[in-house]
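Residue strings, one per chain:
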Amino acid sequence: MKLLRSFAALTSALVLSATSLTVQAEIMGIEGTTTDGHQKTFNLEAAAAAISTPDGDNLLIWAYGDLDNAATEVQYPGPTIIVHEGDAVTINLTNTDIAEPVSMVFPGMQNVAAVVSNDLNIDGSTDRVVLTEEASIGETVTYSFTASKPGTYLYHSGSNPDLQVEMGLSGALIVRPATNPDSQAYNNADSAYDHEYLYFLTEMDTAIHQAVDLGLQPDTSNYHAVLWFMNGRNGPDTMFDHNVAWMPHQPYGSLTRMHPGEKVLLRIIGAGHDMHPLHTHGNHFLQIARDGQVLTSDPANAATVGADLAFGDYTQQVLPGATYDAIFEWTGRNMGWDIYGHTAGDGSLCNGQETASDSTDPVSFEDCRYHNAPIPVDLPENLDLTFGGFYSGSPYLGSMESLPPGEGGLNLNGGLFFMWHSHTEKELVNNDIFPGGMMTMLIVEPPGVPIP
Amino acid sequence: MNKKAISLMVRAVIAGAMISCAGLASATVYTQCPGDLNGDGDNIDAGEDSTVKCMHLSGGDGYIKMADDRPMYMFGFGNMTGVPDGQVMSEGVLSAEFPAPSIDLKEGQPFYLTLSNVGMVMRPDLFDPHTVHFHGFPNASSVFDGLPDTGIAINMGASLTYYYNVQDPGTYMYHCHVEATEHMQMGMLGNLYVHPKQDGTPIEYPAASGRIFDKFVYNDGDGSTGYDVEVPIQIGSFDSRFHDASEGVQPLPFAEMEDNYPMMNGRGYPDTVIQGSLPSVDSYLDPGIPFKPGRQTQRVSTHIEATQGEKILLRLSNLNVTRFYSLNTLGIPMQVVGMGAKQHISPDGKKLYYKTNSVTLGGGEAIDVLLDTADVAAGKYYLYTGNLNYLSNGDEDFGGMMTEIIVN
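Protein sequence lines, in the order shown, are assigned to chains B and D. 1390 is the number of the first residue of the first sequence in our numbering; add one for each residue after it. 150 is the number of the first residue of the second sequence in our numbering; add one for each residue after it.
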């Protein structure tokens, strides 16, 4: 096997400058308007729209949108509402064009008050579930609460929710902590992260959407999902950037990127009807919180005690209505070969030494015990292999090799890609078409590659 | 001659052509096993150095027999370890087992796994590559992760050797990740577990109890994961309509997929109480199918038996592709000591163990439970799914995901 290692030299150069380039990644969302930095006001709407799914379908949805930003559309999931611990939050929800009354509930928030600006519209016929105050077409309802506890939460319609949440009326709510709000999930230091990402898991039964679209009575009790979503998109759309023009109502991607040795905060939300086992290729994660509650033996002193009941796993059981925060790391430790593909005499250093040593490089996080150790097996000839589009052509991080015409091409930096997906593999299809569904990719980028 | 027989003949001819072509192209079966001197892909023969562990799997198709005596077409892995490279393409025909051959590893022992794609004889229209995904392995590389999108997959007639530096004890699992929904529903799934370095060190637990263990689930330091009897149990389930559609070269029902054969280690009750391999499915197959007579394709037992006072370790994993299952015990509580190949402790070492009569596993989840027989009377107990409608084998409303726990 020939190794061209065209990027090896480049990688070595980038390694030197890696620490200075690490940039905080934030989850896309809306922070409302404020005059004093403490009172946060959001003006949202609920309206009908249509989304395209990768199986070629076109589905009617009902969705929340941000009225404070005229450039945006209603979206699935709704805008991620981002506030800070202690904020006094006011949300004005206007029902733009949905024929039945809509509303919002905020599981995990306490003392939510709701007032309507027009007539009360609680449905008196009791033929549907209503959990809070609602707004009929043209009306506005106001909710207010104090975001007293940091964490990952969801919001969704409290009106006829078995239909309205299925139709798309749900979203994420993130409360940032008072301590280090831009780099910690909670006030405890062991919730610190370098990058944070949202995984909002839902599913859809197209028959329900078609029935609503045609003005028929939808059957929500005989539920059979055939589409599975991550942040409102089906694979492979999940891997596209945020705000791509051709998905105006599905602005949130979920492509996840990190460098070796960094901590990624996973904010996972089970926002649909079903349970999903979310499997992280590449490594274990450490679950640190559930439903906005730090896993701690001393909740009153969680900021100092920390997540001392956290535990590791490689598949997260994501249950309906539940949220989870987890920390994921990757270093390539223990691999038994040099993940960067260094060779003796190439001048490369690991923790300052040219030869193997029992240490870890502080910048590249290379496991120096295997410095210069080649991959221990011969890889097959190209003709005997089928290549993935995300394969760089090289097993080594930061390296690229030539691939046969038409192969590869989706790996721009010689990163290592790992799929994160529902391990109910049936959910990796888009209504009978494989592949797709509830999946995204993690890219472990070589040190020095900028991550926004 | 009926249509089915003609179809089988056509398949046999194509399969023959496929096998004979293998030598002409560049593709070739090629095991890599340090220590192997005689070219049979293992290093356990006289005079060979078995410092590293080697295995050789075929990736292809095959048949198993369900508990209601129905033969089931499947894709899967077969065990070619010890078969000389030159014989693998013929020996590998319809060699798929369910579950796949168990991969039993030791912490610190490097592992060389060669996967040879022997093709799917009953589906000569398919040219599917295969992979092995080491599900749950920490700090994985993409090239050996087995995800075809992000790495490499091996084509028919050729071999790919995976290397893993095995350092983290626990219960994992493995499966093919090519066209995962299809290949996994079709059965390319198996047990994979790693024994810790602490094994062989006698530790009394609890202290001054007189109970001494020398086998452990993890390097716990105190013997709290010690056990006497180990039984890995992988739960799974097949949708017979999907398998029939595959065998009949029909469009595959992905969206309508609904499993109707729940199993433990590839067998439904009452087959689950049979010790060792199940008898060959050969006599249930159409004579035109080139199935090697006597070949056993359901080799992983679910027989659980201990002497009163012993601790039983169940390595429970779920690799079905359609739903969550609960597993329940009757009469013996389960103590959860590990989840997802991690000892169930906090970062500072607090034990998060708990006792329960039920655990719920989605696809891709594993859990280690200890059953202490010291506190129960001798007799027969049950491990079964709490999803009671899955105590069935196809249309037979009896059987399914259940086995016995025998305490002597």
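Since the hints were made in silico from the structure, they are not lab data. Honestly, I wouldn't trust all of these hints.
Pair ranges (Cβ atoms, derived) [claimed, not checked]:
#1 D:V422 <-> B:S1791: 51 to 57 Å
#2 B:T1732 <-> D:G188: 52 to 58 Å
#3 D:P183 <-> B:G1778: 29 to 35 Å
#4 B:L1520 <-> D:I438: 33 to 39 Å
#5 B:N1690 <-> D:A357: 52 to 58 Å
#6 B:T1732 <-> D:P183: 52 to 58 Å
#7 B:T1732 <-> D:E353: 32 to 38 Å
#8 B:S1791 <-> D:Y502: 48 to 54 Å
#9 B:N1723 <-> D:P233: 47 to 53 Å
#10 D:D194 <-> B:M1417: 56 to 62 Å
#11 D:N368 <-> B:W1635: 31 to 37 Å
#12 D:D524 <-> B:D1551: 51 to 57 Å
#13 D:L275 <-> B:T1423: 41 to 47 Å
#14 B:E1796 <-> D:E405: 30 to 36 Å
Simulated pairs of lysine-lysine, DSSO-like, Cα-Cα distance not exceeding 27 Å [what the hints assert, rightly or not]:
#15 D:K499 <-> D:K255
#16 D:K255 <-> D:K346
#17 D:K529 <-> D:K504
#18 B:K1652 <-> B:K1538
#19 D:K529 <-> B:K1538
#20 D:K364 <-> D:K500
#21 D:K529 <-> B:K1652
#22 D:K364 <-> D:K504
#23 B:K1652 <-> D:K499
On a predicted model such as this, the values are computed, not experimentally measured, just so you know. The C-beta atom is built at its ideal place from N, Cα and C for all residues, glycine as well.
Is the straight-line distance between the alpha-carbon of D:K529 and that of D:K504 27 Å or less?
-> holds, 20 Å
Is the distance from the Cβ of B:T1732 to the Cβ of D:G188 consistent with 52 to 58 Å?
-> With Cβ atoms ~29 Å apart, the hint is violated.
Mind checking the alpha carbons of D:K529 and B:K1652 for me, to see if they're no more than 27 Å apart?
-> violated, 48 Å
Taking the beta carbons of D:N368 and B:W1635, is their distance inside 31 to 37 Å?
-> violated, 51 Å
Given a hinted range of 30 to 36 Å, is it respected by the beta-carbon distance of B:E1796 and D:E405?
-> Given about 33 Å between the Cβ atoms, the range holds.
Under the criterion that the straight-line Cα-Cα distance not exceed 27 Å, is the pair D:K499, D:K255 satisfied?
-> holds, 25 Å
Go ahead and decide if the range 32 to 38 Å is satisfied by the Cβ distance of B:T1732 to D:E353.
-> The hint (32 to 38 Å, Cβ to Cβ) is violated, given that B:T1732 and D:E353 are roughly 49 Å apart.
Restraint status (C-alpha distance of B:K1652 to D:K499 at most 27 Å) | holds, 23 Å
Could you say whether the range 48 to 54 Å given as a hint is met by the Cβ separation of B:S1791 and D:Y502?
-> Between B:S1791 and D:Y502, where Cβ atoms are some 52 Å apart, the hint holds.
For the pair supplied as a hint, D:K255 and D:K346, confirm whether the alpha-carbon distance does not exceed 27 Å.
-> holds, 7 Å
Do the alpha carbons of D:K364 and D:K500 lie within 27 Å of each other, as the hint requires?
-> Within the cut-off at roughly 19 Å; holds.
Evaluate the given range 33 to 39 Å for the C-beta pair formed by B:L1520 and D:I438.
-> violated, 58 Å
Of the numbered hints listed earlier, those contradicted by the structure are 2, 4, 5, 6, 7, 9, 11, 12, 13, 19 and 21.
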